[in-house]
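Enquirer: Okay, here's what each chain looks like letter by letter:
There are 2 protein chains.
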Amino acid sequence: MYKIGIDLGGTNIAVGIVNENCQIIAKDSTPTKADRPYDEIVNDICLVVKRVLDNNGISLDEVSSIGFGSPGILDNEKGTVTDNSNIHWENYPIKEKIQKQINKPVYMGNDANVAAWAEYLGGAGRGSKNMIMLTLGTGIGGGIIIEGKLITGSHNIGAEIGHSLLVADGEQCGCGNKGCIEAYCSATALIKFAKRNLKDNPDSSLAKKEHINAKTVIDAAKAGDRYASEIFDDYTTNLARFLGSLINFLDPDIIVLGGGVANAGEFLLEPLRKKTPAYTVFPQLTNTNIVKAALGNDAGIIGAALLGE
Amino acid sequence: MYKIGIDLGGTNIAVGIVNENCQIIAKDSTPTKADRPYDEIVNDICLVVKRVLDNNGISLDEVSSIGFGSPGILDNEKGTVTDNSNIHWENYPIKEKIQKQINKPVYMGNDANVAAWAEYLGGAGRGSKNMIMLTLGTGIGGGIIIEGKLITGSHNIGAEIGHSLLVADGEQCGCGNKGCIEAYCSATALIKFAKRNLKDNPDSSLAKKEHINAKTVIDAAKAGDRYASEIFDDYTTNLARFLGSLINFLDPDIIVLGGGVANAGEFLLEPLRKKTPAYTVFPQLTNTNIVKAALGNDAGIIGAALLGE
Chain A
1 MYKIGIDLGG TNIAVGIVNE NCQIIAKDST PTKADRPYDE IVNDICLVVK
51 RVLDNNGISL DEVSSIGFGS PGILDNEKGT VTDNSNIHWE NYPIKEKIQK
101 QINKPVYMGN DANVAAWAEY LGGAGRGSKN MIMLTLGTGI GGGIIIEGKL
151 ITGSHNIGAE IGHSLLVADG EQCGCGNKGC IEAYCSATAL IKFAKRNLKD
201 NPDSSLAKKE HINAKTVIDA AKAGDRYASE IFDDYTTNLA RFLGSLINFL
251 DPDIIVLGGG VANAGEFLLE PLRKKTPAYT VFPQLTNTNI VKAALGNDAG
301 IIGAALLGE
Chain B
1 MYKIGIDLGG TNIAVGIVNE NCQIIAKDST PTKADRPYDE IVNDICLVVK
51 RVLDNNGISL DEVSSIGFGS PGILDNEKGT VTDNSNIHWE NYPIKEKIQK
101 QINKPVYMGN DANVAAWAEY LGGAGRGSKN MIMLTLGTGI GGGIIIEGKL
151 ITGSHNIGAE IGHSLLVADG EQCGCGNKGC IEAYCSATAL IKFAKRNLKD
201 NPDSSLAKKE HINAKTVIDA AKAGDRYASE IFDDYTTNLA RFLGSLINFL
251 DPDIIVLGGG VANAGEFLLE PLRKKTPAYT VFPQLTNTNI VKAALGNDAG
301 IIGAALLGE
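In order, the protein sequence lines correspond to chains A and B.
Just so we're aligned, residue 1 is where the first sequence starts under this note's numbering, counting upward by one.
Just so we're aligned, residue 1 is where the second sequence starts under this note's numbering, counting upward by one.
Simulated from the structure, these hints should not be mistaken for lab results.
Source: prediction; values computed, not measured.
Here are the computed lysine to any residue pairs in the SDA-like style, where the Cα-Cα straight-line distance is at most 20 Å: (1) B/K199 / B/S229; (2) A/K149 / B/K149; (3) A/K129 / B/E77; (4) A/K178 / B/Q284; (5) B/K78 / A/D253; (6) B/K78 / B/G308; (7) B/K129 / A/E77; (8) B/K275 / A/D169; (9) B/K178 / A/A278; (10) A/K50 / A/P31.
Listed next, with one range per pair, are the computed distances between beta-carbon atoms: (11) A/N287 / B/N55: 41 to 47 Å; (12) B/H88 / A/D200: 49 to 55 Å; (13) B/D54 / A/N287: 39 to 45 Å; (14) A/E266 / B/P283: 36 to 42 Å; (15) A/K149 / B/H88: 33 to 39 Å; (16) A/Q284 / B/D200: 40 to 46 Å.
Ideal Cβ placement from N, Cα and C applies to all residues, glycine included.
Using the sequences and the hints given, assemble the complete structure.
Expert: This is the structure in structure tokens:
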């Protein structure tokens with residue numbers, strides 16, 4: 001049997017057919033055009049689901065369930081989605097709307113959470129018991145898996161890992177609060193810190209760049225640029241402090257890092273592995289693997305599909 | 001059937017018989033004398049277990065299991081305890097040692113974790129699904145229950161809630177790191193902050209006290225002392241920030257507060273309930289109860305007993 005995974009983003013509706021080995025065997029997509037009425041978006045979702053099945057000669061009888069992931073607050077029991085970012089839905093009964101057109105069990109979850117679920121079942125976290133994933137991108141998303149369960153909390157507003165405290169009353173965060181880890185360790189924050197004192201560091205190679213993104217900063221640090229190296233060293237120190245705090249709290253066997261900054265690979269992971277134990281209560285007993293995510297953008301589709309039993 | 005709960009502290013070995021309603025029907029204790037060889041302590045534990053049963057006319061046949069709680073790192077699967085504080089045990093096979101003298105299933109857990117387990121099953125958290133407990137005492141201990149399971153992590157070093165970050169690189173913490181919530185919101189920290197600027201506040205009623213403890217500070221704040229009120233206001237702000245971060249992370253239905261500072265009751269809880277939602281990502285959806293622990297010191301015995309199935 002196959003499972004369908006739907007990854008609804010602000011730009012694209014991506015749909016994939018996932019096999020029993022947690023692999024995408026075919027995918028298709030269409031633009032979200034997020035300003036449309038909800039029902040039009042759902043029509044397009046269902047159209048793409050049917051199209052990808054047709055194009056690959058798979059019938060609905062071979063599909064056991066449909067999984068749906070999107071930003072926002074998703075209530076899997078009620079079948080509703082409330083989105084606070086791109087799509088502005090409020091308690092929209094997406095499950096019922098999909099089932100009207102395709103009569104299959106529908107499961108749903110927040111996009112960052114389902115990406116973690118994909119890494120847990122079919123990616124970097126495979127075989128682990130307790131896993132935390134952080135996506136170091138524009139913001140910081142992620143997911144928490146404890147003893148084989150994807151944790152979303154009692155009111156579906158948990159696993160907002162990016163809004164755990166690093167420095168109470170510290171840097172302003174996009175959420176309105178101050179001092180969240182997102183305000184220190186997202187790609188956006190890395191760029192912010194790189195720009196902040198750049199005019200006092202005219203010798204840095206970054207000073208000559210027209211546009212600075214996370215990769216620019218990381219590449220400059222890799223090349224030995226002193227200023228960029230200091231910025232990135234502060235970055236890994238702050239992230240290590242946070243990982244230490246996470247280990248004190250949940251003691252996972254594995255922490256998986258995704259998103260743009262994680263593309264730095266060992267240049268990010270190696271200092272994190274070195275620094276993190278010192279920020280735990282029991283450095284000598286700290287034994288949490290810190291690794292890079294394995295599935296990339298496919299995690300959204302795979303994780304949504306794997307929500308189905 | 002009854003369950004036996006053992007609460008091994010640095011000062012006393014406390015033992016209780018717990019009935020099926022999670023209540024202690026009889027208890028007994030003896031001094032720990034922690035500097036003795038391990039085996040002598042275990043002999044005394046078993047002696048007190050047998051004595052409390054004898055004295056209450058209950059036979060071992062009526063006991064389904066024994067639960068053991070103590071400070072330190074307890075490995076329930078291996079049956080060992082490693083204590084880093086009072087008793088200086090290292091991988092001591094306590095389960096096997098107890099079973100040599102009393103042949104019953106033995107379960108074990110960290111004392112702060114089992115106290116949370118007691119509150120979850122038979123105290124303030126009864127009926128909840130996801131609960132976090134914080135004990136605001138000399139340090140900050142606690143426990144995490146997620147979907148009905150007591151969470152201790154992959155290597156039994158989790159649920160060190162007191163060593164979650166509030167302010168990275170902030171106040172020195174007893175664990176060796178800086179900025180843990182324990183360094184801001186334990187009873188010890190409250191006293192530290194009250195003393196810190198006291199000489200600049202000679203008008204405060206606290207300036208006339210020979211000895212300042214958490215209750216002194218709270219009582220002065222209750223009585224309207226300006227300086228004590230400011231200290232306690234900062235305290236509840238910091239704790240609310242941390243609770244907000246916890247809600248973002250795990251979104252529990254209930255947060256239970258125990259320990260000396262929680263004896264302030266509504267004087268503590270009311271400002272926390274007022275301040276906490278603003279420190280979450282979704283203030284309007286934040287719906288976590290913040291309550292006082294119900295079981296007091298008995299939680300150690302009850303929680304240990306209830307580890308048994």
